[in-house]
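Undergrad: Protein chains in written order, with this note's numbering: chain A, 1 to 143; chain B, 1001 to 1571.
Keep in mind that the hints were calculated from the coordinates and are not lab data.
Some hints here could point you the wrong way.
What the hints assert, rightly or not - Each pair of labels, with its calculated beta carbon distance range:
{"no.": "1", "chain 1": "B", "residue 1": "Asn1344", "chain 2": "A", "residue 2": "Asp31", "range": "41 to 47 Å"}
{"no.": "2", "chain 1": "B", "residue 1": "Leu1416", "chain 2": "A", "residue 2": "Gln79", "range": "29 to 35 Å"}
{"no.": "3", "chain 1": "B", "residue 1": "Asn1344", "chain 2": "A", "residue 2": "Val105", "range": "17 to 23 Å"}
{"no.": "4", "chain 1": "A", "residue 1": "Gln79", "chain 2": "B", "residue 2": "Leu1358", "range": "44 to 50 Å"}
{"no.": "5", "chain 1": "B", "residue 1": "Gln1396", "chain 2": "A", "residue 2": "Val105", "range": "24 to 30 Å"}
{"no.": "6", "chain 1": "A", "residue 1": "Gln79", "chain 2": "B", "residue 2": "Val1496", "range": "49 to 55 Å"}
{"no.": "7", "chain 1": "B", "residue 1": "Leu1416", "chain 2": "A", "residue 2": "Asp31", "range": "48 to 54 Å"}
{"no.": "8", "chain 1": "A", "residue 1": "Ala127", "chain 2": "B", "residue 2": "Ala1553", "range": "18 to 24 Å"}
{"no.": "9", "chain 1": "A", "residue 1": "Val105", "chain 2": "B", "residue 2": "Leu1347", "range": "18 to 24 Å"}
{"no.": "10", "chain 1": "A", "residue 1": "Asp31", "chain 2": "B", "residue 2": "Pro1439", "range": "43 to 49 Å"}
{"no.": "11", "chain 1": "A", "residue 1": "Val105", "chain 2": "B", "residue 2": "Pro1439", "range": "32 to 38 Å"}
All C-beta atoms in this analysis are idealised placements derived from N, C-alpha and C, irrespective of residue type, glycine included.
One-letter residues, chain by chain:
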Amino acid sequence: MSKKAILLVEDNPDDEELTLRSLKQSNILNDVVVVHDGVEALDYLYGSGSYANRDTTVTPAIILLDLKLPRLNGIEVLQRIRAEPATKLTPVVVLTSSSEEEDVVASYTMGANSYVRKPVKFPQFAAAVKQLGLYWLLLNQAT
Amino acid sequence: MSTQTDEETFRPFFVNNPLPMWFFDEQTLRFLEVNEAAVKHYGYSRDEFLQMRITDIRPESERDRLHEHFESRDKARQYSRGWKHLRKDGSLIEVEITALIVPYAGREARLIIARDTTEVWWARQERERLFEQERMARSKAEAAEQRQRFRAEAGVLLGSSMDYETTLTNVARLAVPHIADWCAVSILEEDGTLNNLAVMHTDPEKMAWAAELQERYPSDPDAARGSYHVLRTGQPELYPYISDELLKATAQNAEQLALLREVGMRSAITVPMIAHGEALGVLTFISTKQDFAYGQDDLLMAQDLAASAALAVENARLYREAQQANELLEQRVAERTGQLRAANNELETFAYSVSHDLRAPLRGIDGFSQALLEEYTGRLDETGQHYIGRIRAGVQRMSDLIDDLLQLSRLTRHELQLRSVNLSAMAEAIIDELRREQPEREVRFVCAPEVVVQGDPHLLRVMLQNLLDNAWKFTGTREQAHIEFGVREEEDGERVYFVRDNGVGFDMAYGDKLFGAFQRLHGVKDFPGTGIGLATVQRVVYRHGGRIWADAAVDKGASFMFTLSEGDPDE
Chain A
1 MSKKAILLVE DNPDDEELTL RSLKQSNILN DVVVVHDGVE ALDYLYGSGS
51 YANRDTTVTP AIILLDLKLP RLNGIEVLQR IRAEPATKLT PVVVLTSSSE
101 EEDVVASYTM GANSYVRKPV KFPQFAAAVK QLGLYWLLLN QAT
Chain B
1001 MSTQTDEETF RPFFVNNPLP MWFFDEQTLR FLEVNEAAVK HYGYSRDEFL
1051 QMRITDIRPE SERDRLHEHF ESRDKARQYS RGWKHLRKDG SLIEVEITAL
1101 IVPYAGREAR LIIARDTTEV WWARQERERL FEQERMARSK AEAAEQRQRF
1151 RAEAGVLLGS SMDYETTLTN VARLAVPHIA DWCAVSILEE DGTLNNLAVM
1201 HTDPEKMAWA AELQERYPSD PDAARGSYHV LRTGQPELYP YISDELLKAT
1251 AQNAEQLALL REVGMRSAIT VPMIAHGEAL GVLTFISTKQ DFAYGQDDLL
1301 MAQDLAASAA LAVENARLYR EAQQANELLE QRVAERTGQL RAANNELETF
1351 AYSVSHDLRA PLRGIDGFSQ ALLEEYTGRL DETGQHYIGR IRAGVQRMSD
1401 LIDDLLQLSR LTRHELQLRS VNLSAMAEAI IDELRREQPE REVRFVCAPE
1451 VVVQGDPHLL RVMLQNLLDN AWKFTGTREQ AHIEFGVREE EDGERVYFVR
1501 DNGVGFDMAY GDKLFGAFQR LHGVKDFPGT GIGLATVQRV VYRHGGRIWA
1551 DAAVDKGASF MFTLSEGDPD E
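In isolation and in its complexed conformation, chain B is listed as follows:
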């Protein structure tokens, strides 16, 4: 292969190449030939190039590398990159080099093709910068996400229980290690001291050690920074970078300083727990990570969390107070119930005594009056016998009063026993009895069939007895007496029972007195009675969860209406 031919073939490729190219002498390192692109790119003229060595287009810093490169170079064709070349105007460019060992003009020479990669380099630089930026943004986002997750989980914890001591300890535990390496929760006690409710550390061993540190060097309540200061001022403290100077300023002595240094605090946040303007405690986050600093975002999160924690504490305390008040109330209710029960028992005893003791003298009066009548009739004139008759009538009346009063009190004490009660059958039986007692009376009784209710048979019997007795009594002056027992259904489905008569009735102006004990609307002479009957009726109706009312007019008869609870009567 002829060199000459080669050179001629090769020459246009060299001269017109858009990449800078040159030949240099292997020995002298002088430029032997350069192409147009090289002249253009480097700023030197061809003549200037031919006066220069290749070392002249290198910055000082590259020369050693160049020499090494030559020492170790492979005689074969080479490709290398990352070289820095110096242009005439002094600017640096980065190039990648393709080298080819070829003889030139009879000399041992090398052909160089230089590709300026400066832009690529810058692009790479830019890319790296962007990468770095992206990495930082991502770690920031991750931190933010962690903060948010922590904040959310802590929020759930805070709302989960009224036991705020446990809750806050759990919050502190949650903060470690993602948010802090240390997390401390201190609560302001009533005596004005801060009580460390929880101290959590990434390293469980250090927790005891931290507690000891706290015990040996309790925070100074008057310090110009730290927990008490935060508590006092309500202002949070953020220490992005904890310098040794800060530690020196904080430490009370050399030993504490040594301990503080050992802790290795890098960054810290202390925020007050404020609820409704009142500082209840202090929350502290400490990081021991290298190259880590708490920022405004962390501070904001801590403040927000502290506010929630403060509300949780306040809520829990209010809840406890309410609970205590409740317990007190319950206790009082129990006391009152006991008192009521005692009063009730007393009443019962009283009723029992009334039944025995009040009646005893009556028995005497009656018995001896009768003995007088029986044994001394001959010695008593008519007036004397009349007086004794009056005595016995008075005794009878008092006896009736006692009986009715006792029944009334017994109704209250009587325990309700609910079953199906056929009021119709009951009413018929009562009327039959009355008919037997006074067969001479003409009474027409109309009774609705099969009126069945749920209730206490004994009480309902007492009620019906009283209502029908009244109807019977107050129709006494009627030639044709008319009494009716029935039921009607109201629009809302409520059943209203009634006892109606065509007797003397009464003036509704006194209707409100009707159901009071000892209230009478008629003279005893016309219509005997104790005035307790309707009070008794009302009590029975009330105990069955019902209502009772009356409708009447003088001489136009009377109607008594009542309801009974269908469901769950009485207390």
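Next up, chain A with everything else stripped away, as it sits in the complex:
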């Protein structure tokens, strides 16, 4: 059965590669769609721009959202995600490189489900998805 995709919104190529590596090592078999800024993220989610032909009824299983993004920043993207009925309930885990208080506060105020400090390491990520009740949905437990 095909799993829902994971949307990774990340502009730093190093972080992108290390996150993908971490997810792979974690036996996560979901497709990971990577977009590199806020505008592209919205294009993907709502089928505009280069994603004009995407079936938008299929929403990501989870969105990993970096806060510091070119063009539209993570907070703005999150606002939009929560405002749209289609994505209102989609789990969003905010990724950030800092533990700046205002970032954390703003993220939760805007409706982030969880908060993970980069680089995304497996145990941390696992804890976040567990907390969201998505553990079994996302992880293929090694037998």
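Starting from the known structure of chain A, fit chain B onto it as the hints suggest.
TA: Frame of chain A; chain B shown alone:
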């Protein structure tokens, strides 16, 4: 009743009477008999009297009155006074007369008793003179009192406000009508002209008219008298009596002369308003009262008032300047504050960028080093793996530095939230955590119970964490480490908190470097750290309005003492 008997009875009364008495003939007005007192008082002998008529002892001026008196006289006994009689030596006396119609030696005659009232008259004259003098003295005193009252009230007015235009107008209003019928205050403008700040007149209608007069015939700046002259010379002008000649000399043409005459000025004073040797304006009082003249007293009062008024003007101007300077200063402070705020915002943005951007490459370095270790272990020899270990240690250290720097900057931006903080509980919790991290350490921790302060819990936690981390770290080489948190009260009641350890201590010669950022007194190899911890501690203490200092010796342990403001900490 027998006349004879009467005469004999009557005679001694007549002869010896101390008042001059005489009989005269009603028809001929000749003296019929005089007594001794009359002879003595008037200087004529009895024989001379008997040759004279009563008109002979009257001065020329009295004769008409005498005739009238006879024409209209009442036949009855009469009393009249205020008569003037002439003595033989030519001197005039004033007498009051009692007249009695009685026959004398068979003639129709009149008996006169004359009482010399000259002295009474003179006394009256003197009394009247004294009255007059007293009246004048009183009116002078009243004028003086009025002057004084005016001067006092004006003084209060002058000190009442920095708005000197209004104040001087009020002073002018106060002067009318008791001191003057007109009062004008002129202020010297920057362009050298006199500006009529206020013109007050007893008759409000005339005020507009006066202004018009002033406008049509402005004072000549080069005139030999008047406002400009007073201003130029600094000498007051007093005109007790303003003659028509003066008006003629002042008027520029016939029309103005007519107007000036209509004003009806009788007396005037013009005084300069001088403060610190500088004439700032002119004060003018004009009286239109008949028989009134300003005198030296008025002049002195006017000068005194003008001096006060000048000081008031000067004060008000200085005050305005100071105010303007103040406003400018405030504006500058606001500008600087804005700049500072902008700089602060910039710093904040910078700190935020540091947190994100500096860390991003570090994550890459660390992440890929780890990937190398994990995925290529077989292809790396021991040295290669050691190098990667060093790379990762360097990354960790830089990451710590960034974290500490961020914390330091965050402390400055963090808004203080004051509440009761239990430092004892906080210290215990920190030590417990350290024990969990390094269970192998033998550390004895002594903590004063229930040390509660007012402060920001977050900042105080950061402070205690740093102090206790240090104590923990620098006692690392001790078999039996000893750390204490406590408080003691100084003689002046100030509470001094302290964190004490028996660690390696440090040389107090470098004590002044202790609280600077990135200052370290130990090698990183022996005691890892970023050198930001104590700078952070100091900042927390400062933000709580306290002080911090240290006491230590090499190998003898270290004590850190700090105070916290009990009242209103921070800015």
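Undergrad: So, for every hint listed, does it hold in this structure?
TA: Hint by hint, here is what the structure shows:
no.	hint	in the structure
1	B/Asn1344 / A/Asp31: 41 to 47 Å	holds (46 Å)
2	B/Leu1416 / A/Gln79: 29 to 35 Å	holds (31 Å)
3	B/Asn1344 / A/Val105: 17 to 23 Å	holds (20 Å)
4	A/Gln79 / B/Leu1358: 44 to 50 Å	violated (27 Å)
5	B/Gln1396 / A/Val105: 24 to 30 Å	holds (28 Å)
6	A/Gln79 / B/Val1496: 49 to 55 Å	holds (50 Å)
7	B/Leu1416 / A/Asp31: 48 to 54 Å	holds (49 Å)
8	A/Ala127 / B/Ala1553: 18 to 24 Å	violated (47 Å)
9	A/Val105 / B/Leu1347: 18 to 24 Å	holds (20 Å)
10	A/Asp31 / B/Pro1439: 43 to 49 Å	holds (45 Å)
11	A/Val105 / B/Pro1439: 32 to 38 Å	holds (35 Å)
The structure shown violates the earlier hints numbered 4, 8.
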